[in-house]
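These protein sequence lines map, in sequence, to chains P and Z.
Residues 1060 to 1327 (my numbering) make up the first sequence, in order.
Residues 85 to 333 (my numbering) make up the second sequence, in order.
Treat each hint with caution, since some may be false.
20 angstroms max Cα-Cα, derived EDC-like pairs, lysine to aspartate or glutamate [said to hold, decoys possible]:
1. K1215/P to E154/Z
2. K156/Z to E1209/P
3. K265/Z to E193/Z
4. K1215/P to E264/Z
In short, the hints are calculated from the structure, not lab data.
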Amino acid sequence: MAMKKLRFSGDTTLWAFIALLVFWYLFSVTLKVAFLPSPVAVLQNIFFHFISGGMYLHLFASLGRIAAGIAISLLIGLAIGLSMGYFPRFDEVFSPLVYLLYPIPKIALLPLVMLICGLGEAAKVTMIVLIVVFQVTVSSRDAAKAIPQETYACLKVLGASHKTMFRRVVFPATLPAIFSSLRVSMGTALSVLFFTETFGARYGMGYYIMNSWTRVNYVDMFTGIVLLGLLGYVLFAVIDGLYLRCCRWQPLGEKHGGEGVSLERSVK
Amino acid sequence: MIAVEDVSVSYESAGKRVKVLEHLHLEVEKGAICAMIGPSGCGKSTLLKVIAGLHTDYTGNVLLNGSVPEPKKDRIGFVPQQYGLLNWATVYENAVLGLKIKGDALKTEKEHISSLLTDLGLLSLQKKYPLQLSGGEQQRVAIARAFLLKPQVLLMDEPFSALDAINREKMQSIFLSLWEKYAVTTVFVTHSVEEAICVGQRIALLTPSPGRIARVVDNPLFGKEELRLCKAYYDFALELRKMAGEIWQ
Ligand SMILES: Nc1ncnc2c1ncn2[C@@H]1O[C@H](COP(=O)(O)OP(=O)(O)O)[C@@H](O)[C@H]1O
Ligand SMILES: [Mg+2]
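With the hints as constraints, model all of the structure from the sequences given.
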């Protein structure tokens, strides 16, 4: 059976994690400052929170916002981007619009978004969407444009409709590029999420970290930071796992968009 | 039957209209196979696209069994030089793609599918993806797709030119035996005189751009066994080369 090895293979991840903890520990004992607690204390705290369940609300609040933001961005971004790549007329109309809106720093729109959407979930998800949707749009458009005409010709000659073209050519052909834009977007979404959660939030990792900071509880603060990192790690691992599952057709070692995964396979 | 009457095509490029095909006539009888040779850029691929109904911006008439080609309605087998496979679909999915798009029930075609895959030596490769295959294997998948469709016409655009000599000869004979079995009206574009002799009942020679049919030659050697062991084969190849040389100079 062929077994696929991710960059997230168990042992290397473990070593990286241990190395990080050792460095952190050395720093904390040499510096001896309150704002850098020992990793032992932080890990104990994490363990305690997981037992007591006090952390889940924050984790799931953040996870939900990320998931909603990414899902909506994918829906809108792919619909527009793939259509732009497939229909030249559509591209002519939308490209100037996208290029005009893309460079606007969306974080600057936060006050406006809050005025429109209120302080609740809608504003936070909207911020993520505003920032991520352009990345998805542009990269999916470019990937769709890169499909050679000959590939279309072979289906056209069979009488394929536009719908069939999208299902059988445009979408699967751009899937590797969609995954790599998803990886980039995930990083962006996590930072945007943190930022939005520092305003008008009761739950969420961003809120938890900032709240610990104001309470001068550095162990809690680092607990939040570590968990946010772990959340990101899990999300990236899920994306890479899906990628390997969906893009099995790609030749060994070929990378798309240069991000992340190496398709190493060991045959067992 | 394929009838191309007085077809001219021009492309718009850099604001100028460039003639690619000019007053081209070609007729291929039902169930016949016509090989076509011409210098590169003379419009061979364009002609196939016109016949397939992919390129509709032309003057003149093109008729497939008496009516204008329409990909949605007709069953047209098309094998391009670069195989035209979907890299993200397995060998099996690629092979049955035509049937699926035409809305045929795969169940009733089961035997047909497995017998063709067997003929093409693809049975054990069904679950592989195109990029895991050699060029010859990929080309066999493309041919499987075209024949599975039970096409009314078959258009081959330099299908074997990316293969090495040994594989090419193998593919030519596999192709010919399938063609005989299915008796499908075929235009086979090639840039090799030898290949034209091997696969064409008649051989059409095109002029350099803008393309016209300069001559159509009957091929007395078509269907002959052990072609490459005959002296006549080399003589005929030489004769064709001379003809082509005069037309293309
Ligand atoms: N879509 C197109 N737009 C503009 N020019 C084209 C297009 N397709 C082909 N051509 C031109 O038409 C000529 C004939 O092309 P083609 O039919 O591919 O020739 P062949 O298959 O005989 O090599 C070439 O000069 C090519 O550059
Ligand atoms: Mg060509």
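TODO: For the pair supplied as a hint, K1215/P and E264/Z, confirm whether the alpha-carbon distance does not exceed 20 angstroms.
DONE: 26 angstroms, violated
- [ ] With a cut-off of 20 angstroms on the C-alpha distance, tell me whether K265/Z and E193/Z pass.
- [x] 16 angstroms, holds
Task: Pair hint K156/Z and E1209/P, alpha-carbon separation not exceeding 20 angstroms - done: Roughly 18 angstroms separates the two Cα atoms, so the pair holds.
Open item on the list: Between the alpha carbons of K1215/P and E154/Z, is the straight-line distance 20 angstroms or under?
Closed with: The hint holds at about 10 angstroms.
Violated hint: 4 only; the structure is consistent with all others.
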